[in-house]
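**Student:** Protein chains in written order, with this note's numbering: chain A, 1 to 441; chain P, 1 to 427.
Mixed in with the good hints there might be a few duds.
In silico DSS-like pairs for lysine-lysine, Cα to Cα no more than 27 Å straight-line [unchecked claim]: (1) A:Lys-244 to P:Lys-269; (2) P:Lys-269 to P:Lys-288; (3) P:Lys-133 to P:Lys-79; (4) A:Lys-244 to P:Lys-405; (5) P:Lys-288 to A:Lys-244; (6) P:Lys-288 to P:Lys-14.
These are computed hints drawn from the structure, not numbers from a lab.
None of these values were measured; they are calculated from a predicted model.
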Amino acid sequence: MKVWIGIDLGSTTTKAVVMTAAGEILGRGITNSRSNYDVACAVAREDAMTTARFELLRQAVDADPERAPRAAALVRALHHAFRGEQYARQLEALATSCLAAAGAPERPVLEDLFAALRAAAGAASGDGEAPRSGGEFFRDLAGSSYLRLAEEAARTGAARFDRLMGLFDRAILKVENEPPDLSFAANIGAAVERATAALTHGETGGADDVERLATAVRTVFDTPLEEADSVGTGYGRARLPFPKERIRSEILCHGLGAHYFFPRTTTVLDIGGQDTKAIQLDAAGLVTGFQMNDRCAAGCGRYLGYIADEMNLGLHELGPLARQSRRPVRIASTCTVFAGAELRDRLAAGERREDILAGLHRAIILRAMSLLARSGGVHDEFTFTGGVARNSAALEALQRLVAENYGARTLNVSPDSIYTGAVGAALFARRGAVESGACAA
Amino acid sequence: MSALPRDAAMERQKALLAGYFDRLARARDEHRPVVYTFVPGNLVELVASFGAIPVLPEINALQSGMRRRSADYIAVAEKAGHSEDVCTYVKCDIGMSLSGNVGPTGAVIPEPDLLLLSYTGCFVFMKWFELLKERYRCPVVMLHVPYQPDGQVTGAMLEYVVDQMRTRLVPELERLSGRRYDEADLAARLALSARAEEDLVHVLESARHRPSPIDAYFGGVYYIGPIFSAFRGTDEGADYYRVLREEVDERLRLGQGPITPDGPMGEEKIRLVVEGPPNWTSFREFWKMFADEGAVVVASTYTKVGGLYDTGFRHDPGAPLPSLARYCLGCYTNLGLPSRVDLLERYIRDYDADGFVVHSVKSCNSFSAGQLVMLRELERRVGLPGGFIESDLVDPRYFSASNVKNRLESYFQMLLQRRLPAPETAA
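Start from the sequences and build out the full structure, keeping to the hints where you can.
**Tutor:** See below:
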């Protein structure tokens, strides 16, 4: 089947979407935007192609109406096993790289450390969930376990902690920039075996399920996914290995993507890692005007990342904590460089963490409100996209300020919000001839 | 300036400038007074009729920007106590002065014998000359030029400015130079000005054609160079514009587009009107952001800050001082927001533009204030979306190439997208 691909090379993450001729999203891929954009792009694309295969797999298993209810669970089990395979491959690459760089005294410590990591990965594959959750990549997953084991090793005096972490930091870059083969073709065989073992021994089914899966896998494997066209967008788009006419501004892509998810969208706010955009759309999803931050990226997503690091919290913990605030602190500055000092000053002054956080979220949204006003205001419907849209406190502050300034507005946030730019790019790709600005539908 | 498109007019301009800086360097020996003055509303013919040589500090500042010297000069000025928020033209000029006042050709620019403020619409100009007065201990003549809130020059305004010329400026120039005011000499200079102005308008209006043979903003800043500075009212200035006109006519005849620093421009895809001055520190990169996308500027307001000749004004040898007064009153920076919007609207329609870009400059509050309001009003009037970018004149710290490029590319793609039938999107 023919598919169209959109890639959004953002400053924090790289997203890819695989779209069908009918305009359905078949696959979504995401990875961290490492120093090598080409690789980030290839990894996200491969990931999207893989999830597309799993979607086809789900449809193939689903095709048997009698057994449909169990289809999702079966495919999930296989997908989980597949992720386990990918994880194992990357873990081996990491081990090889770490051991190659290690000195003789560290080697036995690392052997033990990686044995423990392998064992943990094997155990994790039995819980029915793919070992990857939103926004967490191999670097984060392997890194947190490695860090814990390295701390233990350092406590016993077997090796120095900084030395072990230094080895990890170098090795993870190598694994990220020269990744092992994570493709569907290379890993599905082992994944089927892994899933078969789980299905045979677990409660999720038996030999019958295994046979159905194997048949479906063969069908999907034989379905070629032909890439008809692809379009790239995002902060790093100039670095994409695409010809110029296959590159679209992220403002246009976010507009079209927001229109895809919510066709009545008129105003879009996108807060990404290092820029904030306020976009106005016409009824067809075409951009009629926009404003974005100037050279200063104060108040963008990276600001929250910095605050999270300062507070020793996960990014996803910020929103829920801020929402516990009863008396938000008034903060005007959204300068990321000053954020740490501001935070420490406020904490030293006895302010509560949740009240400071609520103030910081409000400050970010106030800056976005200024851009929205400059772009022409907030009209119905209003769609919020970008990584910050997943932050509940930012969303709450936005809702309140929009209501205060513009009255009642329908505020949309898609669970697939992070893919908005990539969806827009895929839509542009799907429109066919993308030459010199001409894209016939 | 090394990357300029090379043609006869450009070579001639280079020679003009070299000769000018040589003359300046000899000014002391030849006992010629040196008069510092600003571009908008400048009275160079009057100054020259007394044998004095004008120096234009904003031009020096922008040239320092193009020669990548401005960052150092600004640092020198900041070290001397000027705040980061001060106009960067001012700091660049002060920094250059404190660093030996060496001009672009390597020759030292002499100190002023007179500071002539013939335009007061920019409040910073006054402060700038206050600083220079303090430094050089020389006299200042300040003409008060009434602002044009309604875009109308009244008889009373003219009389008011002419009176200040007669009673304040002319006596001071006579005292400095030891020469009497010679109206016939001034008239002869103004006739040369008018000839050059006629040719400049012809060149700027060539952009009405498709494809436009010129870029009326990036190329335009070179075309206005001589007439906005020391060469209005000179034979060599008038000759330059005749040569330029012939060159542009030839390109027009051959159906050629503008010449960019990277050679002849490709297909003209987008025709734009631009409001606001260019960025000088990344001038070439800035131009490339337009040229690479096939965007040609067909009209700009910045090329009118030293005179709005395309609305019909010409220096008039028949009425020398009143015509100079009218010129002072009529420059673009002296117009109120409604007149500026009217002019931009006229450009968008007359030059058949696809869109317009506003370049807001951090350094210049008096020029940038109200630009977003102008943008909205223009969008409403012409039914086209406007693009908005922000940077600075000569402080490289305020030019974020990726940000400006991102906005421009998005804007251009947005304009191109408008030409297509509405896309069908599956939800």
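**Student:** If a hint holds in the structure, say so; if it does not, say that too.
**Tutor:** Results for each hint:
At roughly 15 Å between alpha-carbon atoms, A:Lys-244 and P:Lys-269 fall within 27 Å of each other, so this suggested pair holds. Distance restraint check for P:Lys-269 and P:Lys-288: the Cα-Cα separation of roughly 14 Å lies within the 27 Å cut-off, and the hinted pair is therefore satisfied. With a C-alpha separation of about 20 Å, the suggested pair P:Lys-133 and P:Lys-79 falls inside the 27 Å cut-off, and the hint holds. Distance check on the hinted pair: A:Lys-244 and P:Lys-405 sit about 14 Å apart at the alpha-carbon level, within 27 Å; holds.
Using a Cα cut-off of 27 Å, the hinted pair P:Lys-288 and A:Lys-244 holds, with the two alpha carbons roughly 15 Å apart. Between P:Lys-288 and P:Lys-14 the alpha-carbon distance is near 22 Å, which keeps this suggested pair within the 27 Å criterion.
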